[in-house]
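Number of protein chains: 4
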Amino acid sequence: MFKKTDELKVMRDPIHGYIHVEYQVIWDCINAREFQRLRRIHQLGGTFEVYHTAEHSRFAHSLGVYEITRRMVNEVSGLKELSEMDKVTVMVAALLHDLGHGPFSHAFEAITPVAHEEYTRRVILENTQIHQILSGVSEDFPEKVASIINYTHPNDLLNQIVSGQLDADRMDYLLRDAYFTGTSYGNFDLERILRTMRVKDQKIVMKESGIHSVEDYIMARYHMYWQVYYHPVTRSYEAILHALFQRMKDLAQTNPAVLKDLKMFLPFLKGEDTMQDHFRMDESAALYGFTLLSESEDAIARDLARRLLDRDLFEYKTIKCEEDLARIKKEVAALGYDPTYYVIHDEASQRPYKPYKSGEGHNIYILREDGSIKELSLVSDIVNAIVKGNLKEDKKAFYPIG
Amino acid sequence: MFKKTDELKVMRDPIHGYIHVEYQVIWDCINAREFQRLRRIHQLGGTFEVYHTAEHSRFAHSLGVYEITRRMVNEVSGLKELSEMDKVTVMVAALLHDLGHGPFSHAFEAITPVAHEEYTRRVILENTQIHQILSGVSEDFPEKVASIINYTHPNDLLNQIVSGQLDADRMDYLLRDAYFTGTSYGNFDLERILRTMRVKDQKIVMKESGIHSVEDYIMARYHMYWQVYYHPVTRSYEAILHALFQRMKDLAQTNPAVLKDLKMFLPFLKGEDTMQDHFRMDESAALYGFTLLSESEDAIARDLARRLLDRDLFEYKTIKCEEDLARIKKEVAALGYDPTYYVIHDEASQRPYKPYKSGEGHNIYILREDGSIKELSLVSDIVNAIVKGNLKEDKKAFYPIG
Amino acid sequence: MFKKTDELKVMRDPIHGYIHVEYQVIWDCINAREFQRLRRIHQLGGTFEVYHTAEHSRFAHSLGVYEITRRMVNEVSGLKELSEMDKVTVMVAALLHDLGHGPFSHAFEAITPVAHEEYTRRVILENTQIHQILSGVSEDFPEKVASIINYTHPNDLLNQIVSGQLDADRMDYLLRDAYFTGTSYGNFDLERILRTMRVKDQKIVMKESGIHSVEDYIMARYHMYWQVYYHPVTRSYEAILHALFQRMKDLAQTNPAVLKDLKMFLPFLKGEDTMQDHFRMDESAALYGFTLLSESEDAIARDLARRLLDRDLFEYKTIKCEEDLARIKKEVAALGYDPTYYVIHDEASQRPYKPYKSGEGHNIYILREDGSIKELSLVSDIVNAIVKGNLKEDKKAFYPIG
Amino acid sequence: MFKKTDELKVMRDPIHGYIHVEYQVIWDCINAREFQRLRRIHQLGGTFEVYHTAEHSRFAHSLGVYEITRRMVNEVSGLKELSEMDKVTVMVAALLHDLGHGPFSHAFEAITPVAHEEYTRRVILENTQIHQILSGVSEDFPEKVASIINYTHPNDLLNQIVSGQLDADRMDYLLRDAYFTGTSYGNFDLERILRTMRVKDQKIVMKESGIHSVEDYIMARYHMYWQVYYHPVTRSYEAILHALFQRMKDLAQTNPAVLKDLKMFLPFLKGEDTMQDHFRMDESAALYGFTLLSESEDAIARDLARRLLDRDLFEYKTIKCEEDLARIKKEVAALGYDPTYYVIHDEASQRPYKPYKSGEGHNIYILREDGSIKELSLVSDIVNAIVKGNLKEDKKAFYPIG
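Residue numbers (the working numbering), protein chains in the order written: chain D, 2 to 403; chain W, 2 to 403; chain X, 2 to 403; chain B, 2 to 403.
Keep in mind the hints are simulated off the structure, nothing from the lab. Hints may be right or wrong, so weigh each one.
Just so you know, same-sequence chains aren't split out, so a pair can sit in one copy or run between any two.
[What the hints assert, rightly or not] List time: in silico SDA-like cross-link candidates among lysine to any residue, alpha-carbon distance up to 20 Å:
1) 10 x 212
2) 264 x 252
3) 264 x 296
4) 393 x 212
5) 389 x 353
6) 375 x 6
7) 10 x 191
8) 208 x 319
9) 10 x 107
10) 318 x 369
The structure presented is a predicted model; accordingly, all values stated were derived computationally and were not measured.
Produce the entire structure from the sequences given, and follow the hints as far as they go.
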């Protein structure tokens, strides 16, 4: 039913060797403008400020999530048996799941109340090249794809493939982010995970013989969070981004004239953004906007934008109680900085795996030799230890040194 | 004499493990705004359109060239003996050698008659943060650094380190581009090259026992040129860039009104660019400019800019004679395209190593066991074969399919 | 004081890039016959029966332990300050620490009551080429080297380098065994560990900023134990080895005539082995002995030897209680096999890190920013969880299928 | 028709990720004693004396050749269409092609006039476990397998897969030997070669778009020959092996009594070796034999054997003319050494690719876009240069220093 490409298309990729494309609809989505736009959005926001080679884009990551999904539906026993419609739907969803991201992702959400997941839905369902391509398959195809991204597809296996606790998204980003940061922490044995993955009772499960690869994957998550994603320098850059976006939002109320040249941000500040505004709003636009802001009349915007461009980041301190934060705010204010923008409080906490109570979410399940399935932490001593151990937390204040 | 940093500074790097910094002046240069700007310029121009992970910046490459230089002056017998002044000067020059690059490098030179080497000189010698840092060492230090980049430093060894035929620049980019494209072609044995490098008669030479690593390096160059740098898709992207810059230049004469919002390009189009204009002119600015151009009144600029953003590239054909090109121009014109912007002729040719006649340039020399030195192609059968073989050439026309 | 080699000697190594030798005494030890013998002993006993590329020798591993030690005493602040005598002594001890191993290591200890550590001591202190080389340094040098291997050197730092809980021995074998098995489990960031290692209060400690690399190293141990060292196929091979050695020992009492051609084993069976017998007793000798035994008159020895050569290994079952084992013995006996040699009970248990009560042994210590040191599990949530979690155990019986 | 295994069997392999087995006959061959014996034969003879980690066996290599063959007949368009009989036959032949190797391969041929290819034939066709397994398929199956190894199978494609100029054997050993020596020279892009391989006119050919990977493969061969296979230390070890085997052969005539304990060698020395003798004659037997010889009454055998065990190798000198060799013999004789065993002349020469005149052998062919095929050197400038350049040669004498 689905049209194939003339010949197998391949794209060289350091993580997967090649990305393989055999369906025309996948190929067309890759070539659509909204997908090409992802080349202009970094995968890891401000992480390149600490790992200078972490300059890879959401474009590459999206191809990777697609490729792992493609392998899952072709190689995993229990998924191989899905219908072609389900397979293509989930591959498309995997490819498109990050389409709605704005520049620097979460920080950008300071400027607009719309979450990136909602933008992804809109790009798929509204008037875009992507929508046109998906509609070409069938009238309800865009909605099918969107439902996987919303975790509401009636075939729950498809939802689990794209975002469970052992999903194509996480597996690609751990491997990819490890490669591009040049750290080894995110590595785990993808081949073995794919080889020991099965389906049981409509759940994606892991054979007990693959339990070590799963433990290793859990640890990869743990290390990547603390060494990369929550690295204080990454968070410092994002704290300044947050402050700058907040400043723009405040200026839009109090002194809109100073923002008049910042056409890329205005529709978002006014809450009037269209799909075309979203399309334009990539990291090039944001960075060029910062260049303009770094010459702005507003001293706060000017300073914060300059800090982002020149990597003149905030320092940080661990916060143990409310008083610590209050004291820092006072010191910073004493030096003439407005603490609203110059003291950013940020909490990071993470448990690399957490089993959900039944019904609440997706767990990792282990398929035992007797055919029964058990939640991972009940089988693995090491995961059990992690689940029962302390939750690792880190609260920090970011602010300029006086 | 040179101030050291408080402790050894290191930055994780996938090619070199770590970049090591022990001199304050190096650390200050890295933190200068003009150097941080290199994060916003891709190392490989349009190559990311074919190798989607080739998204690394000149920032990372510059650190790599510095690191190889640092190792050369610390590890290579004959270079270890350089004075501290010479060592620091050449490390700074290695770090800063690409400072003058504009967006998409060579294509950008269609817009401005100033070569990137000249901009590099200006950033070092004119009123910039970098200049201020270098002047802090001594009044003539900026000029010393610039002279290496110009190959005119009185100690010719320093010039050879940064750009000979086996220099820190080439060695870093081959390894780095191989890593980030995910190809294996650019790999060679850097460790062995450093271990067998020596100095003889004020020339950097290679011990005969390292000749295989040099042959391998020569082949790495050959493969990277044809598989990556001269890949037709890279050249297609750059052909469109060239055409778009040319179109802007022509519009600046014929219809300047349509360019009024393109403040980032105007100073260059008018030939009035300052150091601050150059600072602002990074790839974010260029790409945001293309976004504006993709909604321009001028149909040609609009179409070309859209092609760049959406990766709707030109097709290509090998050109064997003048008539081939003339025929294509005619066909393209017949379809309503202006051949000035829609037929781009591009010739690539390369010999991975070419010995210079004495006095003309730097050769690779082999140090024999008897202490004599001989030019590489006289010692290596395989390099000799390459030098005497045909020059590989490729002439192509790039144009839209009708 | 110590003689240097004419030039730096290097040996290519996939784990460390190169092994670097600059002291003549190290070079001479490497070239001594007792050290060359280690080429004929596998690093991983029977593991090659499950990971077919795990064919590397104790020779390569010993060079690796030396190389990590060399880097520690040259790069780690607090160790760099050791005297040349201490540095060379610990490097020699690192190189020689495995000299006493017999074929298939622990299994061989079924044949002789002498532990391999004791043989190592004897090779260093008795009449050997190694002893002669070490005595050439000074009369008491052999004893100094041996004391490190015994953990009794007065400078406790030296003992910790070779065998603490984060020592050169373990670090090399995890990385090396991961490489040669082709698994990724044993990887951890050696560079970062070396960079964040310090000395405090005569203890080797880790800066808090390196805690993630230590956690990763602990996990690498955990995974390598269960995926490689305790793999049931490895243990099955070793179970048969154990049974065969036991059988020979019993035959030496009951029917020595059948062993008359097995000259390589006889001195050990009689407890009369000399250093020369030990020298001869490498894995080539053992395997050739098995070839002879596979044609022996004794049916049990014949069958067991054939099984080792042809990889016709025992099956296995997890044992939960004494009754399980008794039942298997009965079944095996019923099939005509003597359970003494045909049912091998083996228990494996492991905790990847276990802090010792003070005074009992070496812990991993973390150096905090305030200069205090704390035992690892008190600082790392994840290691704390592991220390407090269940001890992973595995009890199996190995026996032929009926 | 061919029986499948119960489930897909896999074996972890660092070069190929996994070795995949789905046919019972393949699995049975792997488990046969004659195939398991290959674990006791090094892939690279004496190379471990220079690259200390080159300790991998012909067992691992044979699995690798099988795996590449398996991929070729499953993935390459033109080979995918082979009959199941042809596919299984060529996979078995690939697996078994090295079965006849004795210890240290070519050197061993000094002792016996039978080439290893002939032994391979005999193991397949005579009374062995392997023969029994193959006969179980059909009476003529052993002969079919043997005919591929002889290059005489009627379907010439099968012969080319196992040994053409771009065959599974060479591709595995270059990658594997590079990995286990720890050099990068042997690397090339196997994935791309498999992707661009086709069949045309009953020839295995390469699409023009894959020509760079072929050039890279040719260079990998060139480098591996000179850096690894023809390394003077490898050749020195093999020269002594050759001399020792020659000495034994001479002693068998002149003084057989001194060889009486060397039961492993006697049948070969007498030319009376059976398949069982061949089975026993692995490197463990040879090395244990050297241990015995190192305590022999014959001074020459004793010294040569000791040199092999203790790595006390011969020095070497490049020989330019007959006179050089004569002079060395004289010097060596003057020191009391018998030049017959103490001066070994060895010539190495190699051209990494050489096109055969039509009919003589297998060339590498390039499939052009117009569907025609051309021999590689007519299409590739760089290979053309190599083919026309000088033949690289190296003549050396190996002898003990006086």
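Hints, verified against the model:
| no. | hint | in the structure |
| --- | --- | --- |
| 1 | 10 x 212 | between (34 Å within a copy, 18 Å between copies) |
| 2 | 264 x 252 | within (14 Å within a copy, 23 Å between copies) |
| 3 | 264 x 296 | both (15 Å within a copy, 14 Å between copies) |
| 4 | 393 x 212 | between (24 Å within a copy, 14 Å between copies) |
| 5 | 389 x 353 | both (12 Å within a copy, 18 Å between copies) |
| 6 | 375 x 6 | neither (42 Å within a copy, 29 Å between copies) |
| 7 | 10 x 191 | between (23 Å within a copy, 18 Å between copies) |
| 8 | 208 x 319 | between (42 Å within a copy, 18 Å between copies) |
| 9 | 10 x 107 | neither (34 Å within a copy, 30 Å between copies) |
| 10 | 318 x 369 | between (47 Å within a copy, 15 Å between copies) |
Hint compliance for this structure: hints 6 and 9 are not met, and every other hint is.
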